[in-house]
Every structure is written in C-alpha cells, then in structure tokens.
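Residue numbers (my numbering), protein chains in the order written: chain A, -19 to 144; chain B, 3 to 574.
Just so you know, the hints here were simulated from the structure itself, not pulled from any lab data. Check each hint, because a few of them may be wrong.
Said to hold, decoys possible - Just a few of them, taken from the derived set where beta-carbon distance is under 10 Å, the chain B residues facing chain A:
| id | residue |
| --- | --- |
| 1 | H129 |
| 2 | N130 |
| 3 | D134 |
| 4 | K144 |
| 5 | R154 |
| 6 | V158 |
| 7 | M183 |
| 8 | S185 |
| 9 | Y186 |
| 10 | K208 |
| 11 | D307 |
| 12 | P308 |
| 13 | S310 |
| 14 | S312 |
| 15 | T316 |
| 16 | K387 |
Claimed, not checked - Using C-beta positions, here's what the derived DEER-type ranges look like:
| id | chain 1 | residue 1 | chain 2 | residue 2 | range |
| --- | --- | --- | --- | --- | --- |
| 17 | A | M67 | B | M183 | 47 to 55 Å |
| 18 | A | G131 | B | D118 | 20 to 28 Å |
| 19 | B | S135 | A | E126 | 37 to 45 Å |
| 20 | A | D122 | B | D118 | 55 to 63 Å |
| 21 | A | K143 | B | G235 | 44 to 52 Å |
| 22 | A | N46 | B | K253 | 35 to 43 Å |
| 23 | B | K68 | A | T58 | 38 to 46 Å |
No experiment lies behind these values; they were computed from the predicted model shown. Idealized CB from N, CA, C, for every residue including glycine.
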Amino acid sequence: MRRHVISVLMENESGALSRVAGLFSARGYNIESLTVAATHDPTLSRMTIVTIGTERVVEQIIKQLNKLVDVVRLTDLTEVQFIEREMMLVKVRALEHGREELKRLADIFRGSILDVTDSSYVIELTGDDHKLSAFLDAVGRDNIIEVVRSGATGIARGDKSLKP
Amino acid sequence: MELSGGEVLIQALKEEGVEFLFGYPGGAVLHIYDALYEQNSVKHILVRHEQGATHAADGYARATGKPGVVLVTSGPGATNAVTGIATAFMDSIPMVILSGQVQSRFIGSDAFQEVDCIGITRPCVKHNFLVDSLENFAETIKKAFHVATTGRPGPVVVDIPKDFTTPGITVPFEYPKSVNMRSYSPAEQGHPGQIRKAVDLILSAKRPMIYSGGGVVLGDAAEQLTQFTELLGYPITQTLMGLGAFPASNKQNLGMLGMHGTYEANMAMHDCDVLIAIGARFDDRVTGEIDSFCPDAKIVHVDVDPASISKNVTVDVPIVGNVSHVLEAMIALIRDTDKRADPADLAQWWATIKQWAGTNCLAYEKSPDLIKPQAVVESLWRATKGDAYITSDVGQHQMWAAQFYGFDKPRRWINSGGLGTMGFGLPAAIGVQLAFPDEIVACITGEASIQMCIQELSTCLQYGTPIKIINLNNRYMGMVRQWQEFNYDKRYSHSYMDALPDFVKLTESYGHVGMSIDNPADVDAAMDEAFAMKDRLVFLDFQTDQKENVYPMIEAGKGHHEMRLNPARELA
Ligand SMILES: Cc1ncc(C[n+]2csc(CCOP(=O)(O)OP(=O)(O)O)c2C)c(N)n1
Ligand SMILES: [Mg+2]
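Construct all of the structure, not just a fragment, from the sequences and the given hints.
Here it is as structure tokens:
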C-alpha cells in the first residue's frame, strides 16, 4: 500500500467530477483527497487525486480513469519528481500566554494569522501533507477548534507538463 | 437546411444509417414523435415496455454489429430503460439511447416526470451526454454514435431537454463528417514488440490453450481467430459470450469453459502452460477460484480495453488493440517463421485432452416419459440445421442452449451474459428478426424468464416477427432450484413457479400460435410443425423434467480441475 498523487486533465464539463467520484465509489477505490478547478485553458479542468492502494489497485485506478471519456490525460505524479501543496485554515484557541507561542509557531511554519479575536486565531498554512500534520501536532489537538484543508494539488518538477 | 431539434434528430439518425428506432412515447419526447410522423427514413418500432425497447435494440446490435437505437421519454421512460442499458453495458454492446428530459429551465426543480437520467445511468453507460443547446445537438448525436461504436463498444445515453426539440425553433443543419474528441482515442493496432513477444511465447508452448471471448464477436474477428487457431493446431475454448466465433463443429474446439463449461475445456485451462486469451475478460464465472486459475501458464492477453488487462488475473504479455488487427499481425508473424511448437509435445497434449473428452461430460440421462430439456435443444438444432439465430433468457435453459446448440457462426448466439437479465430473450429476438426477416430466430426461455417481458408478444404481432419461442417449462426457477438443491439442503425457498398462466391460451390471446408438448416422442414433430409456420410466431411450451440439473459444474470456491459431473452420465 502506497500513497499516490494522480493528476488528471479533463474536459471542463458539468458532470465530469461526478464521473470520477462515481468511479471511485462504484469500484471501492479509496480517495484521500480530491481537488479540482479550471486551468488557464477554461475548457480544461485539472484534478489532483490522492489515493492509497496496492500497485495493482492503483494501476486499475489509472486505467479506469483513462477510460472515462472526459479524461484527456493523466499522470501518476508519485512516479516522478513533483511538488505537492495543500492549503489549510486552522482556528485555534489563543488565550493569554498561549497567544505568543502560537504566533511563533505560525512563523516557524511560515503560516500567517488571518483573523484575531480575544480567544482565537485563524491561521493559514501551505505545505505538503507532512508539514500540515506536523503543524497540527505542534499546536496540540486540544487547542484546535476547527480545521479546513483544501486537499493536495500537485505539479511535476522540470519542464515536463500535462498537456492535452 | 433549417431544422427543428426533432428534425435534426431524425436527419442525424438517417445520416448514421439507422434502420430502426425502438421506442415508446411520452410528454418529453412528443416533439420528437411529431417529427417522426409521416417520414420514412427511420422505422419506429413501438414496444410495450421501455425495457423491451432496450433489449430489442440490443438484440439488433448483437446480430448485426450495428448500433441499436432507443427512444424513451423522461422519468419512468428512462428508468424503465435502465435494466436494458445495464445489460448492454455489461456485454459491451453498441447502443444509443435517446431519452427525453424536462425543459432545460425546469431541470432540478422536481418537475413532472423529471429524473436525473444522466446521474442514474452514469455507472452503466460507456458515456452520456446532456444536450445543452440546439446548436450542439447534431454534433452531440455524432459523438454519441462515435463513442458507442468504437474501441470497446457500449451504450451511450443522450438526454434531450424538451425545449431543444420544439417545432418551429430551428438551426441550420449540417451533420458533422467526423468527430474530434481530444479526450477519446481508442487503441487500434497492437504494439509490434508485444505482438512479437506473444508469438514467441505461443510458438514455444508445450501445452497451449486458446481462450476466446465476446470481444472476438464484437470485433468481427471470427475469421481471423479461426485462421489463427487452425494455423497453430491448438485447442480452443470459448466463453459464454464468445460462442460461435470459432465453429463448434471444428475438431479443435473444446466447447465452452467456466462454471458450466466442458470438462475437457476446464481441465485444459488448468493444465496448460501457455494461455492465449483473446477478447475475453477473465470473468469470475469463467475463471472459477482465482487462486487456482491456470497455475502453470504464462498468459498472453489481447484486448481492446487496457482496463481489462491484469484486472482479475495478472498477465505476462498484454496486447492492447483491436482483436482482428492483432490476430492478423500474429498470423503474419507465424507464417513468416519456421518455428513451431514441438509436434511431439502437441500430440501428447492432444492425447491428454482426448482422454478428458472421454468423460463425455455433457451426456445426460434419456427418458421415455419426461422431456429432457437438453433433448429439446438438440431437436431445435436439427430442425434449424444448426443455423438459426438463438436468443435466450437467464437460467438453466440458457446454459443448455449454450451447451447443446453448437454455434458455427458468430452473432448467432444472443444472450445476456454479463448482467444475466431475465426478460432479455423475447425482445432481443424481435430486434434480431427485424434485422433479418428471412432468417430463423428462436428464443430459448424458461417459464419464469419469459414472463418478465411477455407483453412484447403484442409488439411481435404488430410488426409480424415470426419468432419461435422454445419454453423449457420446468415449473421452477430451475437455476435457483439447482443451487438450493446443492447448497441449501433442498430447501426450495420461493423457487417454485406456482399459478402459471396457460401459455397456449396466453399466446393465442396475443394473436399467435401456441403449442404444449409433454411427451418426449412428440418433440421433433412439434418442432417441425412450428418451423413450417414460417410467418407465424409460435410459442412451444415444453413440459420438461423438473429435476434436471445443469452439468458439469464448478461450484463456488472451486477451480477448473474440480468439476462436479452429472451423476447420471453412466445411464446415458
Ligand atoms: C431480472 C432477474 N431477476 C432475478 C434473476 C436471478 N435468477 C437467475 S436464473 C433465475 C431463474 C430463472 O427461471 P426460468 O426462467 O424458469 O429458467 P430455468 O432456470 O428454470 O431454466 C433467477 C430468478 C435474474 N437473473 N434476473
Ligand atoms: Mg424454469
């Protein structure tokens, strides 16, 4: 079992997302996260799917995705050097002496504080899965009020690209 | 040419060469029905239930290789069609299903007869389209036919909001000559390196086995398969869906494999050292227990769908491509080389196979009192000289049809293999008979299955389809009863068919001919009498042995080499 980050370029048409989501649920594949938005070419959407599975299952996932008529191209980013980023918003309890400590932590993780009240901060953080989890650990589960994560997005390093 | 949406549709169907439109009207398609009125480029066949329309179009497609086309209304029309769409999907049958939808501005408002047809059908279509404008309508239809018929074929739904077919609202019509879909380009030629590798392996086999499936029928590659197999002199078996792609009467043929396949085919699968899978998908009814599947074999797999490869069974030499192209390339390579499998090995392999065949696994007990279902199928074969189009339903009768009607030609055996849809046989036969009015079409069915789409007898009268219905009436859901006998201690829970109609009277009330046969001595004569009525639909209700089981059988969890044989073989 390994974590795979699959990048999918597909026709930006209504229903395209549900075809992918439907495929995963119908065939019992795992989805850790799924993000999607239009690209610079408005006729195309780019989707990043994070899944965990055996080589055999991931090979099937890739073939089945490729078989969807709306899918233009796809690649398993985990096969190449790639960059992965996810954005996270965390609302944390920030009281008296804890406030300074949280501010310092946010700085160390290159996060920024977007909203402040007497008792809480909203911190924005970008990074890969490990970094975001590490930050949450550092803050301490007890101090977390709310977490929103965007799901991972990914792109290959170098000049290769996913083109139609 | 300025056309309304309804007229665009009719013109597009004409451009696609569509002969028949199997349909049923309703509110959302009334504009389209108006455009269908008083035109004769497309013949509309009015069924009695939308499921019937889908199966009829499906039967037409299976028999001809051309896409079957269906027209249904929104809501219940579309949901009634779903079983037939799923049936076609599981067997990769090219179909285009046109469904009406509420007006585009009402979509999502729970309007009268609104269902999310795109959502409901998504998991059982190759693709579906919601028409988004009158301007794009013709192109969408073109795409639908293209997707349905290329690569691995399958059903495609086009959902058409009513406002895009309004009479009087027109667009300039021009049917696209070709389609350009950057996201869709099915493989054609196999990879030459893989093909060479496969041929090397095939020619170095000691105990080779060819296993072919429905893909050979769908890919119109029967001729190439026969050439390939004869050139090699290897044994061959077919799946339920692949019957007829290699002549049953050819001595290299070991018959069907799998759950109710022949002993020799399954044993040869188990013991082979090189397996050549062509247009087959390693379905669980074919492989038996996967852990004991072909334990010694290196596997070559040719398929047009990359996702079929190494899905259930990991293969050694995959070749993605159109089966007929790949077979042709392999034949050319084999002809080009002197390398051949060692004749001594091959002779020994054939001797082993002959021994297995000696078990005579299809032999059944003959009876002077009870009509044996197998004997009816054999009698049908004689009466039709083995050259009829045979449709079937699902159950024991389907297996007996597959085992006892030797198919020598492709596209003659028409059954729901993947989904196993009871109710398929009769409407499918309508589609076949309409496609081939001068050919013999018979539907082998059971008293339970036939009742699932019996209403189509009315369609048969309207369009004069002289189908012969061979009802193997065992007063049981025989296949269910058999499993209950073997696995549930003969607790026959709800598998007895009580309160059956009088099929003769029923058929007569639909305007056809009915016959009831309960004496084995009358079977042949009844067949001859029925087939002499060339212009009439005849329902032959054979009262068959209620206790007969389908043998041989691979039971759940067992491998190819662990078949259960007919205990009555010795009495045969
Ligand atoms: C629509 C549908 N419902 C249920 C089944 C499950 N099923 C498979 S075979 C069978 C019995 C069929 O009985 P009959 O048509 O009399 O055929 P027989 O097995 O007796 O030859 C049933 C209920 C099915 N395949 N399709
Ligand atoms: Mg029955």
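Results for each hint:
About 4 Å separates the beta-carbon of B:H129 from the nearest beta-carbon of chain A, less than 10 Å, and the hint is met. The criterion of a C-beta within 10 Å of any C-beta in chain A is met by B:N130, whose closest approach is roughly 8 Å, and the hint holds. A least Cβ separation of about 8 Å between B:D134 and chain A falls short of the 10 Å threshold, and the interface hint therefore holds. For B:K144, the interface hint is violated, the least distance from its beta-carbon to any beta-carbon of chain A being 14 Å, above 10 Å.
Taking 10 Å as the C-beta cut-off, the interface hint given for B:R154 holds, the closest approach to chain A being about 8 Å. Interface hint at B:V158: satisfied, since its Cβ lies 9 Å from the closest Cβ of chain A, which is below the 10 Å cut-off. Below 10 Å, beta-carbon pairs count as interface contacts, and B:M183 has one with chain A at about 7 Å; its hint therefore holds. Look at B:S185: its Cβ gets to within about 4 Å of chain A, closer than 10 Å, so that hint holds up.
Below 10 Å, beta-carbon pairs count as interface contacts, and B:Y186 has one with chain A at about 5 Å; its hint therefore holds. Evaluation of the B:K208 hint against chain A yields a violated restraint, the C-beta minimum of about 29 Å exceeding 10 Å. Proximity of B:D307 to chain A holds as hinted, the smallest CB-CB distance being about 7 Å (cut-off 10 Å). The interface hint given for B:P308 holds, since its Cβ lies 5 Å from the closest Cβ of chain A, which is under the 10 Å cut-off.
Using the Cβ-Cβ criterion of 10 Å, the hint placing B:S310 at the interface with chain A is satisfied: the shortest such distance is roughly 9 Å. With a cut of 10 Å, the hint placing B:S312 at the interface with chain A holds, because the nearest CB-to-CB distance is about 7 Å. Against a cut-off of 10 Å between C-beta atoms, the interface hint on B:T316 holds, since the closest Cβ of chain A lies about 8 Å away. Checking B:K387 against chain A by beta carbon gives a least distance of about 42 Å; that is not within 10 Å, so the hint is violated.
Roughly 34 Å separates the CB atoms of A:M67 and B:M183, a value that falls outside the hinted 47 to 55 Å. The supplied range of 20 to 28 Å is met by A:G131 and B:D118, whose beta-carbon atoms lie about 26 Å from each other. A C-beta distance of roughly 43 Å is found between B:S135 and A:E126, which places it inside the suggested range of 37 to 45 Å. At about 44 Å, the CB distance of A:D122 to B:D118 disagrees with the hint of 55 to 63 Å.
Checked against the hint of 44 to 52 Å, the pair A:K143 and B:G235 passes, with Cβ atoms roughly 49 Å apart. In this structure the hint that A:N46 and B:K253 lie 35 to 43 Å apart at CB holds, the actual value being about 41 Å. Evaluation of the 38 to 46 Å hint for B:K68 and A:T58 yields a pass: the beta carbon distance comes to about 44 Å.
Hints 4, 10, 16, 17 and 20, counting from the list given before, are not met by this structure.
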